[in-house]
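Trainee: Construct the complete structure from the given sequences, taking the supplied hints into account.
In case you want the letters, here they are:
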Amino acid sequence: MEWTLLILFIAAGISLMIPSRLKNLKGWILSLFPFGVFVYLLTFIPVIDEQWLIERSRPWMADLGLNLHFMLDGLSLTFALLITGIGTFILIYAHEYMRYYSHTKRFYVYLLVFMGSMLGLVLSANLILLFIFWELTGISSFLLIGFKHHQENVRTSAIQALLVTTFGGLMMLAGFVLLGLASGTYSLPELIIGDIKITQHGWYLPILILILGGAFSKSAQFPFHFWLPGAMQAPSPVSAFLHSATMVKAGIYLLARLNPVLAGTAEWQTIIPLVGGSTMLIGAYLALTQKDLKAILAYTTISALGMLMLLIGIDTELAIKGALIYLIVHALYKGTLFMIAGSVEKQTGTRDIDLLGNLAYKMPITTAVALLALLSMAGLPPMLGYVGKEIIYEAKIQAPHIAGFVTFFGVVSNIFMVWVSIFIAYRVFFRRQYHGFKTPKETSHHFWIGPGILALVGLILGLFPHQLGEYLIQPAMNVIRAESLKVDLKLWHGFNQVFMLSLLTVIGGVVLFMLRKQIIPFFRKVNKKFFDVRFSDLFTRFLDGIMLFARHNTRIMQHGYQRIYLMVLFLSVAFLGWYQLIDTRFWTIGLSVGHLPPYVTLIGAIIVIATLFTLFSRSRMAAIISMGVVGYGIAIIYLIYSAIDLAITQLLVETLTVAIFVLVIFKLPRFAKLSSRASKIRDGIIALLVGGFMTGMALKARNLELQHPISDYFLNHGLSEGFGSNIVNVILVDFRALDTLGEVTVLLIATLGVVALLKIDKS
Amino acid sequence: MITALPILIPLMVVILLLMVGRKVYWLKLIGISGAFLLFLASLLIFYTVRQEGILVSQAGGWPAPYGITLVIDLLSALMLLISSFTAFLVGVYALKGIDEKRHRFRFFLFFHTLMMGVGGAFIAGDIFNMYVWFEVMVMSSFVLITLGSEKQQLEGGIKYVTMNLMGSFLFLAGIGLIYGKTGTLNLADLSMTVRESDQTFLMNSSFILFFMGFGIKAAIFPFFFWLPSSYHTPPVTITALFAALLTKVGVYGMIRFFTLYITDINPFWQNLLLVLAALTMVIGVLTAASQYDIRRILSFHIISQIGYMIMGLGFYSAFALAAALFFMMHNILAKTGAFLVGGLIQEKTGSFQLKSIGGLFKEHPWLGLFFFLPAMALAGVPPLSGFFGKFFLIKGGFEGQHFLTTAIAIWVSIVTMFSMIKIWNEAYWKPAPKDLHQPASHPLRLKRTMIVPVAVLGFSTLLFGLSAGWFMEVLQEAAQVLKQPELYIEAVLKPV
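Same order as they appear, the protein sequences are chains A and B.
FYI, in the numbering used here the residues of the first sequence are 576 to 1338.
FYI, in the numbering used here the residues of the second sequence are 4 to 499.
Think of the hints as simulated: they come from the structure by calculation, not from any bench.
In this text, all values refer to a predicted model and were calculated from it rather than measured experimentally.
Glycine included, every Cβ here is placed at the ideal spot set by N, Cα and C.
A few of these clues could be false.
To be verified - If you want the footprint, here are the derived chain B segments under chain A, 3+ residues with CB under 8 Å: (1) 61 to 67; (2) 128 to 137; (3) 418 to 426.
Mentor: What follows is the structure in structure tokens.
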């Protein structure tokens, strides 16, 4: 079972290796892979019926709770069949559709990786594994949406889709990690079957909200919905796949999957229906005002996704059943319609419904296929869409607490759906006018085989819903509700309340269609007035805002002035240092200056005076010389404390420094600009802060001797084992010879560096 | 004996390089063989440490607290391994990526002194010795930044060296204070002294100096200014080398010192680490978002990602520490890879400016893949290495209930993705700007020695991700060793 994934990823590799001789068969050859998987998965139907759940696990990062753990049950199987089944036809369709595109090799790789990731997502039995595939679908869809990346709006849409879904994805990951910590496992079967009551846990609400963030963004729920209409910039086969069986369905899958773990609470039954319900209505409404055929379809997808969310949120047995059927219904008709839209665009050169028309006579087969799908979308018999709609109405009427609200929303949205269906049928196929750019003629069979079969499946399942119910819906229901249920689907339910609602829906849709000339302009006007906020623009503006803030931030942070960098550095040092000093202020500092011999005090005083003189001197030469005095003073102190070597070094360094300074000064311009009074004071304060902190530190260190210093060892062993009576020398060349090696290396680097610095231009 | 190899091998190579003068062929041959040898030695060391535990060697045979001790525990071994691996790949790239002029002026010699400094810092068991290796590193990297003597290189070099010397000064001052207080320089001895004393809070004052010293080296907020001022000035090969090594040594120092001296959770240090980590992440990533030069975007991201490592250290648990180490190793691979691809882009188009390049994906799909892998790894896309680093850190953060810091890290990772996608979008997807003619000399075929390292680094982010479990096991082992300083102390002070 887990090998099926590998097959699709291998197919992605194979797609690169198909020789150009077989180029004319490429889509067909590649479609064999998902088709094979589809057939293979079909054989699991009886197994699932018996066993409910098949698991396969291989250790990957066992200690971290991340294993290659896969599961197949009714829910996974339903999704897996949709993915591979529709995927097969998408490849056949793409074969013809992508014929005149360049770089199709990449296209097939992306598409197969996308398919494989989606399959992996629904087969994962480990939350983190699921997340990995979740992100892979995001990345591969990013590449697919941006396939025609020479156009700027295509690039923008792709980036938007990626950022929105990744944002949600990361929320979800955080939710998963919390869930894993709360329950002690990432394994879905354990979470579902085990007796861990996450809904009682203190972290339940954050977990739920974070996971919903992932599901809502992926499934294009309001207010994350805007990336989906943008995604129609992808080539039509991709849109068809993305809208039907993959990507946007991932959020629905996730919530259905986690239903036994997280559902059944007031939070679940409030947040999800609210978001789903508003998405359903907004999507259907916005669909009506669009002019681009693909945009209309995209908004109806949003509406459908909202409906699915709403049903999952209602959280009754009936609602879940309705959701599962509607999922299949929608996948079948939406896949078909997007492919048809692609064919129409190919044949006419436009997707604008104001220009299209009259295609029923020019493209009869395409029209027939489209009509079947539209029937299903409108929820009319004898399509599966009708079966679904009836159950959904029933579920809404019986919804606990919120029946009135959701039924009203549902009826209104469905009326809009009927209207949109009739509208598309009329505008694209039956209207007598046609203003397209090409003379349309029927497409080659590649273009209608796939959609045709999908639409027919919708019809057949509508006529024989019982089998669908028994073999797919029932096993899926069993695992979602975690109990054994009997699902019996029928096309005809008799004349009841639900049928009346259906009738009302159809009549409403037809009436509204008749009144379209009055209503649509009104809707568009309302749109202009109230819904003029385009979310994708808002998002772009939000990104621009971040960029602006970032630029501002950069100007403050990385302005390029070395002196200010150093100033900030010193201030930070002083701040952290003083904080530390104040933190340990109760440590009393014993000042023992008084015990110093007077000549040391005198030298100290000279050093201080020389330092002050350096600061206030107006002549550069005097400043340098007084700095030299400071250095010599320190050397004398070394001498007093019998560090002869140090004293000699200090004297040499000091002399050299003064000499070099004097040489450099002659090269400098005579009059330098002196700092202003304010900046002098500022620099003085910073210097005092840093110096004061260092002094404090040194005084503190003087008062503390935790253990006897190791220097005694050097004194005792210097002559006997190091064979030298000058301890400093022995330390340098023997006890700590490695340090000396390092310092010698520094000198070597400096020397060669200077050579390179000076000579490299001349060579 | 093998304990000293990370210092000895570069030293030998440097001596050999000095003997061949400016013969480019020999300089390259010896340089690259040396880099490979160093990698092999690191493998050997890693294997030995895994087998035998902490390796200790007393330089000159002087017993532990008195002479200089070299110590390699699992952390050091891992750092040696990853740094020598990436350095070798950068070395291969440098064969053609660095021009003849710079080779003649001994690029590889400075490369190896840098490696000597880095290796020494990783294995030093003595605080002053560590300082010495930091000096070797600063000097080598300063020469590498300015090698070529172009005006902006000199300007960047000056900024680099002043601020880094500030760091060294603070570090040295800290050493002076600590020696005054404890009378010892040996890391293990020092740790023991501090642990046995009841006045450990007095360590804090000199420790703050170390913290700032390492903070400057690691380029955390508010000490990072030197990095973006200098990283874009030398040839990109050198920047890639720096990205792999320099800041990470600072982070290494912090991890070493925090685990040896501040062994219990201490609110002051924990809050400081977490606050600075968050600021480092946020400011780094925001500044990166506004850049349009590939090298600058990547440079600012180094800062942001250092924040993640510091955050992992700040979480304080063994798991979070291992996660931080994982993130660091991932970052070394991915960042170096990304910089080198930047070099290839410049080779091809003659520019690093996103506004003046484009259309690369159409013409060079492989170059696209080689960028996509490390870039997506940096953005944290599974199953690449960055995802696991992020996942482990989030897990570690939530385990310690550091919700705010973790949430900030998650937000930062979105902005990181935005930056990476920006490069992808501008350099690869956008059609090449028409008004800019590409220099005729550039569409030449890229040299194989430049492509192979880039490919290896790209795929290593994938492999590193897929084998994250194994690495995490080793890293958790390393973190366990770090969390028990007595192991380190015992190994150093009581040799068999």
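Trainee: For every hint, state whether the structure bears it out.
Mentor: Taking the hints in turn, this is what the structure says about them:
1. 61 to 67: It holds: at least three residues are needed, and the stretch 61 to 67 of chain B offers 3 whose Cβ sits within less than 8 Å of chain A.
2. 128 to 137: holds (count 4)
3. 418 to 426: Result for this restraint: holds, n = 4.
Hint compliance for this structure: no hint is broken.
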